[in-house]
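**Q** Position in the sequence shown (from 1) plus 980 gives the number in this note's numbering.
Any given hint might turn out to be false.
Okay, the calculated beta carbon distance ranges per label pair [to be verified]: (1) 1091 with 1058: 47 to 53 Å; (2) 1030 with 1055: 51 to 57 Å; (3) 1024 with 995: 39 to 45 Å; (4) 1083 with 1129: 16 to 22 Å.
In silico EDC-like links for lysine to aspartate or glutamate, alpha-carbon gap of 16 Å or less [to be verified]: (5) 1121 with 1111; (6) 1129 with 1054; (7) 1129 with 1099; (8) 1121 with 1102; (9) 1129 with 1043; (10) 1129 with 1052; (11) 1129 with 1111.
Hints are computed from structural coordinates only; laboratory data are not their basis. Quantities reported herein were computed from a predicted structural model and do not represent experimental measurements. Cβ coordinates follow ideal geometry from the N, Cα and C atoms, glycine included.
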Amino acid sequence: MRAIFGILGSLAFAFLMVIYLFRGFGPDETGALFREATTLPTHFFTTPETAVRRINTILAANDWRQLSQYYELDGTDISKTELETGQFFIGDAQRLSDPRNYLHPFPPGAQFYGVRQLEGSDIFEVDVLWEMDVPWAKKQKHVTRFHMKRFPEGYRLLPDRVITQALQPTENSDEQGED
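Sequences and hints are given; from them, build the entire structure.
**A** Here's what the structure looks like:
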């Protein structure tokens, strides 16, 4: 009798393992063999200003996996591989010294410049200020604008288009600098 229960128990276990591996359990009924091997943890920033400081630290370390964890990717077709390898963030990994090579969210060393909420949404436009340090554009200032979304837990980056423009000096900028 024990032998029959042992055989039936083994068969039931094997049957459940096949279902788990190939069909799976849970809301999407994806088997364990077909699930994404590693999912990125989800991190949030406290404020847009602290986000800029934290992103600068991450960019200095070229830690693309860490930076990826702050992005809200629901509804996008951006692959995890594209994020973790840095392809989403930089144009050419061999030219990290050129700030124009940083595609998202902004070049390293940028400073928080301003933030505004888009009307009727939890989306915020964040501006950062950074300087070009190349021979043909010494000390030329640029403003880069990117978007963040507010959640109850904090803020996350959105992977939409980043806009960078040269900061136009104002007529009063020389007078203000002399004070």
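**Q** Please go over all the hints and tell whether each is borne out by the structure.
**A** Status of the hints after comparison with the structure:
no. : hint                       : in the structure
1   : 1091 with 1058: 47 to 53 Å : violated, 27 Å
2   : 1030 with 1055: 51 to 57 Å : violated, 26 Å
3   : 1024 with 995: 39 to 45 Å  : holds, 42 Å
4   : 1083 with 1129: 16 to 22 Å : holds, 19 Å
5   : 1121 with 1111             : holds, 4 Å
6   : 1129 with 1054             : holds, 12 Å
7   : 1129 with 1099             : holds, 13 Å
8   : 1121 with 1102             : violated, 29 Å
9   : 1129 with 1043             : violated, 22 Å
10  : 1129 with 1052             : holds, 8 Å
11  : 1129 with 1111             : violated, 26 Å
Taken one by one, the earlier hints fail for this structure at numbers 1, 2, 8, 9 and 11, listed in ascending order.
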